[in-house]
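Given the coordinates of chain A, assemble chains B, C and D onto it according to the supplied hints.
Listed below are the residues making up each chain.
4 protein chains.
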Amino acid sequence: MKDTNAVFLIRCMDKKGLVAGITNFFYELGLNILNCQQYTDCMTGQYFMRLKLDLSDLAFSKKDLENRLTEFGKPLGLEWSVHYSDYVPRVAILVSKASHCLYDLLVKQREGTLKCEIPLILSNHPDLEYVAEQFRVPFFCLPVTKETKKEQEAKITELLSIHHIDLVVLARYMQIISSDFIDLYRNRIINIHHAFLPAFQGANPYLRAFQRGVKMIGATAHYVTADLDEGPIIEQDVVRVTHEYGPDDLSRIGRDVEMMVLSRAVKAHLESRVIVHENRTVVFTGGIGA
Amino acid sequence: MKDTNAVFLIRCMDKKGLVAGITNFFYELGLNILNCQQYTDCMTGQYFMRLKLDLSDLAFSKKDLENRLTEFGKPLGLEWSVHYSDYVPRVAILVSKASHCLYDLLVKQREGTLKCEIPLILSNHPDLEYVAEQFRVPFFCLPVTKETKKEQEAKITELLSIHHIDLVVLARYMQIISSDFIDLYRNRIINIHHAFLPAFQGANPYLRAFQRGVKMIGATAHYVTADLDEGPIIEQDVVRVTHEYGPDDLSRIGRDVEMMVLSRAVKAHLESRVIVHENRTVVFTGGIGA
Amino acid sequence: MKDTNAVFLIRCMDKKGLVAGITNFFYELGLNILNCQQYTDCMTGQYFMRLKLDLSDLAFSKKDLENRLTEFGKPLGLEWSVHYSDYVPRVAILVSKASHCLYDLLVKQREGTLKCEIPLILSNHPDLEYVAEQFRVPFFCLPVTKETKKEQEAKITELLSIHHIDLVVLARYMQIISSDFIDLYRNRIINIHHAFLPAFQGANPYLRAFQRGVKMIGATAHYVTADLDEGPIIEQDVVRVTHEYGPDDLSRIGRDVEMMVLSRAVKAHLESRVIVHENRTVVFTGGIGA
Amino acid sequence: MKDTNAVFLIRCMDKKGLVAGITNFFYELGLNILNCQQYTDCMTGQYFMRLKLDLSDLAFSKKDLENRLTEFGKPLGLEWSVHYSDYVPRVAILVSKASHCLYDLLVKQREGTLKCEIPLILSNHPDLEYVAEQFRVPFFCLPVTKETKKEQEAKITELLSIHHIDLVVLARYMQIISSDFIDLYRNRIINIHHAFLPAFQGANPYLRAFQRGVKMIGATAHYVTADLDEGPIIEQDVVRVTHEYGPDDLSRIGRDVEMMVLSRAVKAHLESRVIVHENRTVVFTGGIGA
Numbered sequence: 033m034k035d036t037n038a039v040f041l042i043r044c045m046d047k048k049g050l051v052a053g054i055t056n057f058f059y060e061l062g063l064n065i066l067n068c069q070q071y072t073d074c075m076t077g078q079y080f081m082r083l084k085l086d087l088s089d090l091a092f093s094k095k096d097l098e099n100r101l102t103e104f105g106k107p108l109g110l111e112w113s114v115h116y117s118d119y120v121p122r123v124a125i126l127v128s129k130a131s132h133c134l135y136d137l138l139v140k141q142r143e144g145t146l147k148c149e150i151p152l153i154l155s156n157h158p159d160l161e162y163v164a165e166q167f168r169v170p171f172f173c174l175p176v177t178k179e180t181k182k183e184q185e186a187k188i189t190e191l192l193s194i195h196h197i198d199l200v201v202l203a204r205y206m207q208i209i210s211s212d213f214i215d216l217y218r219n220r221i222i223n224i225h226h227a228f229l230p231a232f233q234g235a236n237p238y239l240r241a242f243q244r245g246v247k248m249i250g251a252t253a254h255y256v257t258a259d260l261d262e263g264p265i266i267e268q269d270v271v272r273v274t275h276e277y278g279p280d281d282l283s284r285i286g287r288d289v290e291m292m293v294l295s296r297a298v299k300a301h302l303e304s305r306v307i308v309h310e311n312r313t314v315v316f317t318g319g320i321g322a
Numbered sequence: 033m034k035d036t037n038a039v040f041l042i043r044c045m046d047k048k049g050l051v052a053g054i055t056n057f058f059y060e061l062g063l064n065i066l067n068c069q070q071y072t073d074c075m076t077g078q079y080f081m082r083l084k085l086d087l088s089d090l091a092f093s094k095k096d097l098e099n100r101l102t103e104f105g106k107p108l109g110l111e112w113s114v115h116y117s118d119y120v121p122r123v124a125i126l127v128s129k130a131s132h133c134l135y136d137l138l139v140k141q142r143e144g145t146l147k148c149e150i151p152l153i154l155s156n157h158p159d160l161e162y163v164a165e166q167f168r169v170p171f172f173c174l175p176v177t178k179e180t181k182k183e184q185e186a187k188i189t190e191l192l193s194i195h196h197i198d199l200v201v202l203a204r205y206m207q208i209i210s211s212d213f214i215d216l217y218r219n220r221i222i223n224i225h226h227a228f229l230p231a232f233q234g235a236n237p238y239l240r241a242f243q244r245g246v247k248m249i250g251a252t253a254h255y256v257t258a259d260l261d262e263g264p265i266i267e268q269d270v271v272r273v274t275h276e277y278g279p280d281d282l283s284r285i286g287r288d289v290e291m292m293v294l295s296r297a298v299k300a301h302l303e304s305r306v307i308v309h310e311n312r313t314v315v316f317t318g319g320i321g322a
Numbered sequence: 033m034k035d036t037n038a039v040f041l042i043r044c045m046d047k048k049g050l051v052a053g054i055t056n057f058f059y060e061l062g063l064n065i066l067n068c069q070q071y072t073d074c075m076t077g078q079y080f081m082r083l084k085l086d087l088s089d090l091a092f093s094k095k096d097l098e099n100r101l102t103e104f105g106k107p108l109g110l111e112w113s114v115h116y117s118d119y120v121p122r123v124a125i126l127v128s129k130a131s132h133c134l135y136d137l138l139v140k141q142r143e144g145t146l147k148c149e150i151p152l153i154l155s156n157h158p159d160l161e162y163v164a165e166q167f168r169v170p171f172f173c174l175p176v177t178k179e180t181k182k183e184q185e186a187k188i189t190e191l192l193s194i195h196h197i198d199l200v201v202l203a204r205y206m207q208i209i210s211s212d213f214i215d216l217y218r219n220r221i222i223n224i225h226h227a228f229l230p231a232f233q234g235a236n237p238y239l240r241a242f243q244r245g246v247k248m249i250g251a252t253a254h255y256v257t258a259d260l261d262e263g264p265i266i267e268q269d270v271v272r273v274t275h276e277y278g279p280d281d282l283s284r285i286g287r288d289v290e291m292m293v294l295s296r297a298v299k300a301h302l303e304s305r306v307i308v309h310e311n312r313t314v315v316f317t318g319g320i321g322a
Numbered sequence: 033m034k035d036t037n038a039v040f041l042i043r044c045m046d047k048k049g050l051v052a053g054i055t056n057f058f059y060e061l062g063l064n065i066l067n068c069q070q071y072t073d074c075m076t077g078q079y080f081m082r083l084k085l086d087l088s089d090l091a092f093s094k095k096d097l098e099n100r101l102t103e104f105g106k107p108l109g110l111e112w113s114v115h116y117s118d119y120v121p122r123v124a125i126l127v128s129k130a131s132h133c134l135y136d137l138l139v140k141q142r143e144g145t146l147k148c149e150i151p152l153i154l155s156n157h158p159d160l161e162y163v164a165e166q167f168r169v170p171f172f173c174l175p176v177t178k179e180t181k182k183e184q185e186a187k188i189t190e191l192l193s194i195h196h197i198d199l200v201v202l203a204r205y206m207q208i209i210s211s212d213f214i215d216l217y218r219n220r221i222i223n224i225h226h227a228f229l230p231a232f233q234g235a236n237p238y239l240r241a242f243q244r245g246v247k248m249i250g251a252t253a254h255y256v257t258a259d260l261d262e263g264p265i266i267e268q269d270v271v272r273v274t275h276e277y278g279p280d281d282l283s284r285i286g287r288d289v290e291m292m293v294l295s296r297a298v299k300a301h302l303e304s305r306v307i308v309h310e311n312r313t314v315v316f317t318g319g320i321g322a
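Residue numbers (this note's numbering), protein chains in the order written: chain A, 33 to 322; chain B, 33 to 322; chain C, 33 to 322; chain D, 33 to 322.
Same shape as in the complex, but just chain A (with noise of 0.2 Å):
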């Protein structure tokens, strides 16, 4: 398996001797360890760690790979996920009408930053369909009322089923979506709410940043529970601003916010740098090598 790594995602409570054990396992089977970056929650006593591996030397399948894995695993009450990097992630997107944050993953996704495939757009409003030409991708129109939308909603998770979607995000997607659709993609639905977040829940965030006169502008990527705007952050980020601006002017100095940080939650997620707990996130830092 020649220049294939592994990402292990894992957790379990912390003990005494976690991190040789972890290691040792590994090591024993004969395969060198890339990166390796660990975090104990001090409140919870909860053990995360991110290990990446390099397969060139791995004399068995992956499959048996995974299986001693889960072997060693179960007195420890460990849990784990693994991603490979012969693997590309599918992505889809879905988005209203707003074109930035849409341009910016694509071209990222074009540009190699974001290592992914994006092998459909669905919007319930036909206006970005020029966007997905001019990148050949395929797009979906899906236009949701309040009849229609349990209805379109499943069209949008067959789509999500036929193309094999790991990822779904949502480019300010202005709709809300089920709880049943949520489930299906748990801590896979990453949405970015145009707020620092928790300021400014809900509708019209930088209608209400104006009228409150707050100094700074931000954007939060988290992903999607069932309660909206409350899930975990993965990304936040902010920009100064003065009494000079207008509504207007914050939802169009908001924008270059709201694709940087979901560009960068997107690519965290894709790295398999992200490991949920409770509400919070684990997010691991990127970089050479990691």
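These are computed hints drawn from the structure, not numbers from a lab.
The reader is advised that the hints may include incorrect statements.
Remember, identical chains collapse to one label, so a pair may be satisfied in a single copy or spanning two.
In silico lysine to any residue, SDA-like type, Cα no more than 20 Å apart, as pairs [stated by the list, open to error]:
(1) K95 x E185
(2) K95 x N219
(3) K48 x L87
(4) K47 x Q69
(5) K34 x D89
(6) K48 x Y59
(7) K94 x N64
(8) K95 x T189
(9) K48 x Q69
(10) K181 x E103
(11) K129 x F167
(12) K181 x R305
Just chains B, C and D, lined up with the frame of chain A:
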């Protein structure tokens, strides 16, 4: 009045010829405009101006100048206030147990960054007396219980009055202030809240920030109004944090942001750069000559 | 001239009565001042003003207006330029192989954030032709060798002239531009340098940033002058990095900063908010009504 | 050794089984790993580890532990250092005339943010004696002229030696330090430079920043080496400025950045989170349990 300046803060409804009219008024009095900043709130049609005048060539009394401006402003519905550079504003600092903001204000006053006098420090706890002593500032400890709150607040306002206090700074003062007190010092009490408002209003913001899993923490300096943490924001800032930081880390890291934000807000107020408009602030920029 | 505005950028030596004089001049012509910003450079005594006028009530021709201002300004030594809102500036983008800045400019132009036309894209490489095609912008590939440099640059300036280009944006164009070209477009060529100038002038800034072990990397947008990377800076920004990032990571992370900084600088220029003063820029703030 | 921790900083060439080997070594001694961070420099193949151990169950002496690690590390070419939590590092602060960094360090030490003792303050000027007195720290004034430089530096190093100083902090000490002094405290002298290095090395950075017209100013904390302002950078930060700020404004605004950056660097050093590698630093993150 050599080397004396006046800063006028002016507001009225916007209308044609306003800039020309006002600047002409001062020009015809033979006064040089050193700096002139303005802002029109397009939503409400309200006009705001900050004007810095060189009074070297003032040929009559300040009182006269003020009377003439009042006369001139009547038909325009002009509201204005003035601050003369030969008057040094007097600031009282209220604290509880945390020393960082107090130290920062005292040091910046001593270094000349904050042009004011600090005739007294008030506290509901004795803990910070040593800081007051280090800087040779009178310290009054007025412990507050449910029963004594009214009485102690009366003592505080009396002390403020005796010392001719112009600005009250709540430098992590952990007591809610009564509306009577607030009315006395309307738009002259600045509080530092240890969160990025309107997120985490109220108590224990760092613990709640940790629990919510935010990726940045912040601080907000605002004028105190009857609604807790709802007053007009003067300045805000944030700092990036990660999952590795517990509530105590956030509290420690936040201290630096709190003191930066508070001292910038106090400086803006002392330099007459802030106008309150509904629940927002117009904060004119500082810098050379402003 | 309903719904038409004019933005005047004005400079002269500071003197008493200047604000009153200039604003009065326009008031007496019956024109409403929508926005007025000013700045005096205390070191050189130079005065700068940005004035936005509503031309709805203009009772004579623009030419007339300009002539009157020229007349008025003579005794004051006034230098000025004007931009009318009914003229859409024409921008040429020069690129080499990196697509991120080009995409960002094209998207922001299409979304209306950058109010300009982009009649052509020029490159010394064929790589980005597909981007130009996605946005239906004519693309000219003019490869440059040591021998053909002069000839190709002549072709470039000819194309710029034919297309009535007002502003040239070097969006990661990796060729040094001759001083003849620069003279033709003085203070009208904006370059993005991928470092926080004056640090890491010249080639390979990200590699050198890595080697120097800096903890932040940045980008700088500036007007191009004969001295490489020495022109007046319009906008800069930085992003935090750690030892974990190699040169390629820095280059990737830097891309986002580069495109933010470049598009902000281009926007400021297009909105007539920049005045060059010696080797510095006065950049007036934007926002509602500016 | 209840409640005692040890932090080991370890480096060697990377090889298979390193993490497993090292963590196993400590595990087999019966010691719990509280925190483990690592980094591999892909360019040089160098491996770095920070390991925090709980010594509660240490069954033999520290000296024994160290000998065993030395033995274990020989075949691996391991270099390491250790810091025990029951030893409080001793810090000397060198200053000239500016008080802000000195105040910030003293306050943060007193508040417990910087876990160290500060047995003495040294200066080439008498100006800051009052600050030392406020905090009851011995103050030594050692004025330096061209003639007395060598002699005074000898006195300084003698004082540092007498007081068993572990770390020397140059908190705006405006004297160049001789290479003999630097050799004595290799990677144990931290300086704050009032610019974003490598921009504006040397004298008068704020004036030069003004003249160059930069839109952000910064500060850099670095270990002192023989080459002025060329040593390994520990921490940097910047703050946004505009054309409105003159050199004095930049100097004043910069003070806040300087003190933030310096105290963060000193804190990282005191917590044994910094490893110098060639002219770069590996700075491991802090936070709960680190």
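Hints and how they fare:
1. K95 x E185: neither (34 Å within a copy, 60 Å between copies)
2. K95 x N219: neither (24 Å within a copy, 49 Å between copies)
3. K48 x L87: between (28 Å within a copy, 12 Å between copies)
4. K47 x Q69: both (16 Å within a copy, 17 Å between copies)
5. K34 x D89: within (8 Å within a copy, 43 Å between copies)
6. K48 x Y59: both (19 Å within a copy, 8 Å between copies)
7. K94 x N64: within (15 Å within a copy, 32 Å between copies)
8. K95 x T189: Neither: 29 Å inside a chain and 62 Å across chains, both beyond 20 Å.
9. K48 x Q69: both (17 Å within a copy, 16 Å between copies)
10. K181 x E103: The answer is neither: 44 Å in one copy and 64 Å across copies each exceed 20 Å.
11. K129 x F167: both (17 Å within a copy, 18 Å between copies)
12. K181 x R305: neither (34 Å within a copy, 47 Å between copies)
Violated hints, in rising order: 1, 2, 8, 10 and 12; the structure is consistent with all others.
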